[in-house]
Amino acid sequence: KKVDGKKVDGKKVDGKKVDGKKDDGKKDDGKKKTRFDIHIPANAELAANLKGKLLLVHGEIDNNVHPAGTMRLVDALIKANKRFDLLIIPGARHGFGRAGEYMKHRTWEYFAEHLLDDRQTGADIKEKGSSR
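Counting in this note's numbering, the sequence shown runs from -16 upward without gaps.
No lab work stands behind these hints, which were simulated from the structure alone.
Positions of the beta carbon are idealized from the N, C-alpha and C atoms, including for glycine.
Take the hints with a grain of salt, since some may be wrong.
[Claimed, not checked] Across the chosen pairs, the derived CB separations fall in these ranges:
| # | residue 1 | residue 2 | range |
| --- | --- | --- | --- |
| 1 | I108 | R66 | 34 to 44 Å |
| 2 | R102 | N64 | 18 to 28 Å |
| 3 | V48 | K87 | 13 to 23 Å |
Construct the complete structure from the given sequences, taking the supplied hints into account.
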């Protein structure tokens, strides 16, 4: 990886010294700063590159990652003709709250199905060794 007009991960990057000033023009600690002008693609811009399986899970009232971002990705995946799985957890925030245990099992099952070809059938989620 190189900077100052060189390539970084295949992208051209311009490194610029900022003379002891923040972007608002005010002095800071007096040290020179380097600012990089680089475009980091959003997930939706990369949707057409998807290979393999994708499980998107979002809490309905997530206040950390706005649901609109996930919907933009879903829209881009549909436009790119990609298969994916989407699960919205009603009333859940970023950590899924009361649905955390449910999500843990759904995630394990998703990995088992798509990485180990071990598909669970039926509507009930059962823990290993459980007679439930």
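Taking the beta carbons of V48 and K87, is their distance inside 13 to 23 Å? Holds: the Cβ-Cβ distance is about 19 Å, inside 13 to 23 Å.
Consistency of beta-carbon spacing, R66 to I108, with hint 34 to 44 Å: Given a distance of about 23 Å, which is not inside 34 to 44 Å, the answer is violated.
If you check the beta carbons of R102 and N64, does the distance land in 18 to 28 Å? holds, 24 Å
Comparing the model with each earlier hint shows a violation of hint 1 alone; every other hint is respected.
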